[in-house]
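Chain order of the listed sequences is Z and W.
Last residue of the first sequence? That's 115 in this note's numbering, and every number before it is there in order.
Last residue of the second sequence? That's 111 in this note's numbering, and every number before it is there in order.
There are no misleading hints in this set.
To be clear about the criterion: a stretch of chain Z counts as covered by chain W if any three or more of its residues have a C-beta under 8 Å from a C-beta of chain W, and this derived list gives those stretches:
no., region
1, 38 to 47
2, 50 to 64
3, 102 to 114
Once the Cα atoms are required to be at most 16 Å apart in a straight line, the calculated EDC-like pairs of lysine to aspartate or glutamate come out as:
no., chain 1, residue 1, chain 2, residue 2
4, W, Lys93, W, Asp27
5, W, Lys93, Z, Glu44
6, Z, Lys17, Z, Asp63
7, W, Lys1, W, Asp27
8, Z, Lys11, Z, Glu85
9, W, Lys42, W, Asp84
10, W, Lys93, Z, Asp102
11, Z, Lys57, Z, Glu68
12, W, Lys93, Z, Asp56
13, W, Lys1, Z, Glu44
14, W, Lys68, W, Glu3
15, W, Lys93, W, Asp67
16, W, Lys93, Z, Glu103
17, Z, Lys15, Z, Glu85
18, W, Lys93, W, Glu3
Honestly, the hints are just simulated from the structure, not real lab data.
These numbers come from a predicted model, not from an experiment.
Heads up, the beta-carbon is just placed ideally off N, CA and C, and yes, glycines get one too.
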Amino acid sequence: GAGVSQSPSNKVTEKGKDVELRCDPISGHTALYWYRQSLGQGLEFLIYFQGNSAPDKSGLPSDRFSAERTGGSVSTLTIQRTQQEDSAVYLCASSYWGIGVDEQFFGPGTRLTVL
Amino acid sequence: KQEVTQIPAALSVPEGENLVLNCSFTDSAIYNLQWFRQDPGKGLTSLLLIQSSQREQTSGRLNASLDKSSGRSTLYIAASQPGDSATYLCAVKWGAQKLVFGQGTRLTINP
Numbered sequence: 001g002a003g004v005s006q007s008p009s010n011k012v013t014e015k016g017k018d019v020e021l022r023c024d025p026i027s028g029h030t031a032l033y034w035y036r037q038s039l040g041q042g043l044e045f046l047i048y049f050q051g052n053s054a055p056d057k058s059g060l061p062s063d064r065f066s067a068e069r070t071g072g073s074v075s076t077l078t079i080q081r082t083q084q085e086d087s088a089v090y091l092c093a094s095s096y097w098g099i100g101v102d103e104q105f106f107g108p109g110t111r112l113t114v115l
Numbered sequence: 001k002q003e004v005t006q007i008p009a010a011l012s013v014p015e016g017e018n019l020v021l022n023c024s025f026t027d028s029a030i031y032n033l034q035w036f037r038q039d040p041g042k043g044l045t046s047l048l049l050i051q052s053s054q055r056e057q058t059s060g061r062l063n064a065s066l067d068k069s070s071g072r073s074t075l076y077i078a079a080s081q082p083g084d085s086a087t088y089l090c091a092v093k094w095g096a097q098k099l100v101f102g103q104g105t106r107l108t109i110n111p
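So that you can see chain Z by itself, here it is in the shape it has in the complex (with noise of 0.2 Å):
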């Protein structure tokens, strides 16, 4: 079956505008997950969304980050007033969360570069 697909695959902005990166989870996957890769930092966590519950945003780094999940399905995460520091490849992975069986697939990844 498809996997977890992410749109747009490269993005460049300039500095202060807003961007939205788009996640596609596997169909049937209940949990949702946004990490960020940067030279720097490594891979890092930014968001969970499971089910209904509400989010864990503990990840974010700011407030011009959010993210908001259509449906149970589709995500968007979205970056207001960009800025360069903010530049790095965003993942999102899936998974379908029960007990033993939470093995988390991850998606190709959005290239964000902020100019």
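Given the coordinates of chain Z, work out where chain W should sit on it, guided by the hints.
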């Protein structure tokens, strides 16, 4: 603080050798541990998932072991091939749902 460490950062071996990649973590009360590979410019491919109650998992030429008491996991690759060249990442899940990643080991298999 819950941290994951992978040493070495880079490893280069000739084709055909068996090799071991190391991962250590600071808190033994893990929920599970996952090994991934990442090819340049690509996303992460899940290789093996070990639950906290398990000691090892195998998939083809790959074998991952887990020793919670010592805070260590190893990924064993048998009969290495040039196609195994990639960055290997170890990630640990503790109580929260997020994965905490190590910095990765960049593996090069020389023909």
